[in-house]
Amino acid sequence: MLKRDRDKLKEKKRIVIKIGSSSLTHRETGDMNFAKMEKLVRVISDLRGQGKEVVLVSSGAIAAGRHVLGNRKRPDTLAQKQAFAAVGQARLMMIYQRLFAEYNQTAAQVLLTKHTMINDASRFNAQNTFEELLKLGTVPIVNENDTVSTAEIPYVDTFGDNDQLSAVVAALIEADLLILLSDIDGLYSDDPRRNPEAQFIDIVYEFDAKLLAMGKDTSSSDVGTGGMSSKLTAARIATDSGTDMVIANGEEVSVIQEIIDGEDKGTLFMAHTNLDFDLMHYLSNEY
Numbered sequence: 000m001l002k003r004d005r006d007k008l009k010e011k012k013r014i015v016i017k018i019g020s021s022s023l024t025h026r027e028t029g030d031m032n033f034a035k036m037e038k039l040v041r042v043i044s045d046l047r048g049q050g051k052e053v054v055l056v057s058s059g060a061i062a063a064g065r066h067v068l069g070n071r072k073r074p075d076t077l078a079q080k081q082a083f084a085a086v087g088q089a090r091l092m093m094i095y096q097r098l099f100a101e102y103n104q105t106a107a108q109v110l111l112t113k114h115t116m117i118n119d120a121s122r123f124n125a126q127n128t129f130e131e132l133l134k135l136g137t138v139p140i141v142n143e144n145d146t147v148s149t150a151e152i153p154y155v156d157t158f159g160d161n162d163q164l165s166a167v168v169a170a171l172i173e174a175d176l177l178i179l180l181s182d183i184d185g186l187y188s189d190d191p192r193r194n195p196e197a198q199f200i201d202i203v204y205e206f207d208a209k210l211l212a213m214g215k216d217t218s219s220s221d222v223g224t225g226g227m228s229s230k231l232t233a234a235r236i237a238t239d240s241g242t243d244m245v246i247a248n249g250e251e252v253s254v255i256q257e258i259i260d261g262e263d264k265g266t267l268f269m270a271h272t273n274l275d276f277d278l279m280h281y282l283s284n285e286y
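Numbering of the sequence shown is given in numbering that gives the first Met the number 0, commencing with residue 0 and proceeding in unit increments.
Treat the hints with care, as some may be off.
Here are the computed distance ranges between Cβ atoms for each label pair [unchecked claim]:
#1 N194 - K2: 27 to 37 Å
#2 K72 - K38: 24 to 34 Å
#3 G261 - L77: 42 to 52 Å
#4 N124 - A85: 19 to 29 Å
#5 H114 - F206: 21 to 31 Å
#6 N124 - F199: 16 to 26 Å
Below 30 Å or equal to it, Euclidean Cα-Cα: the simulated BS3-like pairs (lysine-lysine) are [stated by the list, open to error]:
#7 K11 - K38
#8 K51 - K2
#9 K35 - K72
#10 K51 - K7
#11 K35 - K9
#12 K134 - K12
Simulated from the structure, these hints should not be mistaken for laboratory data.
All values reported here derive from a predicted model rather than from experimental measurement.
All C-beta atoms, glycine included, are put in the ideal place defined by N, C-alpha and C.
All chains should be built: construct the whole structure from the sequences, respecting the hints.
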């Protein structure tokens, strides 16, 4: 059954890929990993060549701002975070634009806030914008607009991290597949960094209390925010809205193509469309 489920990933056409700051930066310094970004762009461009539509949800704006401003330390205050993001988002998009141009692809920037998505008119406009950008053959690059978002979880004005943002985007555009690239191979029964007996979980067909209990905060990066709890929330949003999702290790971005080729990489969460799922309900009340 697992192989058959994996093989179905070959047929996915509309794909959302989320890559976190820890996968885009050098672990030792926190500076941007340009070689990694180039490889990511090459993989996505090749997917475009295969006729697939790709949306990239990319972290890294704050890390890029830190790099530009020569600040090695993660920002302590909201104002500093927003200032770094203002500098870094422009630099991040400049890098992506140049890299995608090398492969004859066009990158488009989409900055979202939770407030924008809650508003019916602006959410409808965002959905139409995504559809038009994909129709035009671009690669939309999405991030939360950190310069105007007011706080991180548990406040209501933000998505909290790009795991959940990517799931919301996948639901909004009715994506076939969401790939979350992380610094961990997938879902384990416990944190494998602390428990060597933790069991790897290949595939998840449905959520239960035991699964949700595995959602401990496992982010140990100085540049990332999302732990496993966030990724499981993203999986619930994606699968309830009808999108398959894979959590995989982003150390080698070639894993993206391997996932789509049906190889046994990461943890696959199978879509189980929930007729009661409503994106607005999630945005207003959280899961």
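Against the structure, the hints:
{"no.": "1", "hint": "N194 - K2: 27 to 37 Å", "verdict": "28 Å, holds"}
{"no.": "2", "hint": "K72 - K38: 24 to 34 Å", "verdict": "28 Å, holds"}
{"no.": "3", "hint": "G261 - L77: 42 to 52 Å", "verdict": "43 Å, holds"}
{"no.": "4", "hint": "N124 - A85: 19 to 29 Å", "verdict": "23 Å, holds"}
{"no.": "5", "hint": "H114 - F206: 21 to 31 Å", "verdict": "28 Å, holds"}
{"no.": "6", "hint": "N124 - F199: 16 to 26 Å", "verdict": "41 Å, violated"}
{"no.": "7", "hint": "K11 - K38", "verdict": "21 Å, holds"}
{"no.": "8", "hint": "K51 - K2", "verdict": "22 Å, holds"}
{"no.": "9", "hint": "K35 - K72", "verdict": "22 Å, holds"}
{"no.": "10", "hint": "K51 - K7", "verdict": "15 Å, holds"}
{"no.": "11", "hint": "K35 - K9", "verdict": "24 Å, holds"}
{"no.": "12", "hint": "K134 - K12", "verdict": "13 Å, holds"}
When the structure is compared with the earlier hints, a violation turns up for hint 6 alone.
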